[in-house]
Every structure is written in structure tokens, then in C-alpha cells.
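Enquirer: To convert, take the position in the sequence shown, counting from 1, and add 62; that gives this note's numbering.
One thing to keep in mind: the hints can contain errors.
[Claimed, not checked] Restraint-style ranges between C-beta atoms, simulated for each label pair: (1) 192 with 98: 34 to 40 Å; (2) 69 with 124: 32 to 38 Å; (3) 91 with 114: 34 to 40 Å; (4) 178 with 71: 43 to 49 Å; (5) 150 with 87: 39 to 45 Å; (6) 192 with 136: 24 to 30 Å; (7) 130 with 71: 43 to 49 Å; (8) 139 with 76: 28 to 34 Å; (9) 130 with 191: 17 to 23 Å.
Keep in mind that the hints were calculated from the coordinates and are not lab data. It should be emphasised that the depicted structure is a prediction, and the values quoted were computed from it without experimental measurement. Virtual Cβ for every residue (Gly too), placed ideally from N, Cα, C.
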Amino acid sequence: MKQDNHVIHISDVANDAEEKFIQQQLWSHNAQFEAVDMRPLRLTVTAEAGNIIAGLLANTWWGSLEVQYLWIDERHRYGGLGRRLIQQAEAEAIARGCHQAYLDTFSFQALGFYQKLGYRPYGHLAGYAHKHTRYYLAKPLSDASRQHENNGAA
Numbered sequence: 063m064k065q066d067n068h069v070i071h072i073s074d075v076a077n078d079a080e081e082k083f084i085q086q087q088l089w090s091h092n093a094q095f096e097a098v099d100m101r102p103l104r105l106t107v108t109a110e111a112g113n114i115i116a117g118l119l120a121n122t123w124w125g126s127l128e129v130q131y132l133w134i135d136e137r138h139r140y141g142g143l144g145r146r147l148i149q150q151a152e153a154e155a156i157a158r159g160c161h162q163a164y165l166d167t168f169s170f171q172a173l174g175f176y177q178k179l180g181y182r183p184y185g186h187l188a189g190y191a192h193k194h195t196r197y198y199l200a201k202p203l204s205d206a207s208r209q210h211e212n213n214g215a216a
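Kindly generate the complete structure, drawing on both the sequences and the hints.
Expert: In C-alpha cells form, the structure reads like this:
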């Protein structure tokens, strides 16, 4: 598509260099208002043979833990690994100065699991594949943010 001598390219193929450039430009803009302090947080669980049986991918930034992915091998589910990974990620996030955590999950995934760990929904979006709902959840990680939430400000 071309308009005003600009060309918009549409692709269904990821381009790591372009994505990194766009991300860096956005972070550069955001840094005018607040330093960008994003740090990856990766947790993995390995079996005796060394193969990964569970993992959590997250980032910490601006005082928040952003959990992106939590996966447990089917043979190891319901044994507490997910809870342990979330709790260890939260502990590391607190050590990094975070006061809150947030994540999302679909209706067919782990809404009840996260709620049992203290995460509370703050929004949802229905209509994924015309039948699934995506839930957005958050949890305070410090006494100060819990007090803030209890006062109705969160």
C-alpha cells in the first residue's frame, strides 16, 4: 500500500531485525518519561536426564512482573511445579523491586489456578476463535500495593 510516498509492507513472516528496531524505537520514546529497565526472567525445571519439563518466561520492568508463558509437561502437571515456578518468579521479582505481577490466560487454560495463587481478574476479552475468552489478571507483590488495592485504588 502506498500513500504520500510512504510504503506499508504487510507480511506474515517474522523479521527479528525489524521487530528489534521497532521495539528499540518505542523504548527510546518511553525513556523520555521513565527509564526502561526491562530484564528477562527465565525459570526452567529439568528432569534427571536434563530435558526441560516445565518453564516460565517473564520480564520485570517498571516495578512489575509480566508473566508471558508458563508451561508444564503433561506428565508433570498437578504436582505443584506451576505453583513453585510462579512463587519463585514472584520472589525474584520482589528482589528486583517489583510491587505487582500481571499475566493473561484463556478460558481453556488456567484461570482457576492463577486465582488460587492470589491473582485477580481486571479484564477479559471474549471471542477468540469465536468461543474462548482471554482473562487479564494481576496480583500485588508487596504490602504497600496490597494496601493500595484494599483501598480501592487498584
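Enquirer: Now, for every hint given, state plainly whether the structure supports it.
Expert: Hint check:
1. As the Cβ distance of residue 192 to residue 98 is approximately 37 Å, the hint placing it in 34 to 40 Å holds.
2. Against the hinted window of 32 to 38 Å, the Cβ-Cβ separation of residue 69 and residue 124 comes to about 34 Å, which satisfies the hint.
3. At roughly 36 Å, the beta carbons of residue 91 and residue 114 sit within the given window of 34 to 40 Å.
4. Distance hint check for residue 178 and residue 71: the Cβ-Cβ separation is about 45 Å, which falls inside the suggested range of 43 to 49 Å.
5. Taking 39 to 45 Å as the suggested C-beta distance range, the pair residue 150 and residue 87 does not conform, at roughly 33 Å.
6. In this structure the supplied range 24 to 30 Å holds for residue 192 paired with residue 136, their Cβ-Cβ distance being about 26 Å.
7. The hinted window of 43 to 49 Å between residue 130 and residue 71 is violated, with their beta carbons roughly 26 Å apart.
8. Roughly 30 Å separates the CB atoms of residue 139 and residue 76, a value that falls within the hinted 28 to 34 Å.
9. Range check, residue 130 to residue 191: about 20 Å between beta-carbon atoms, so the 17 to 23 Å window is met.
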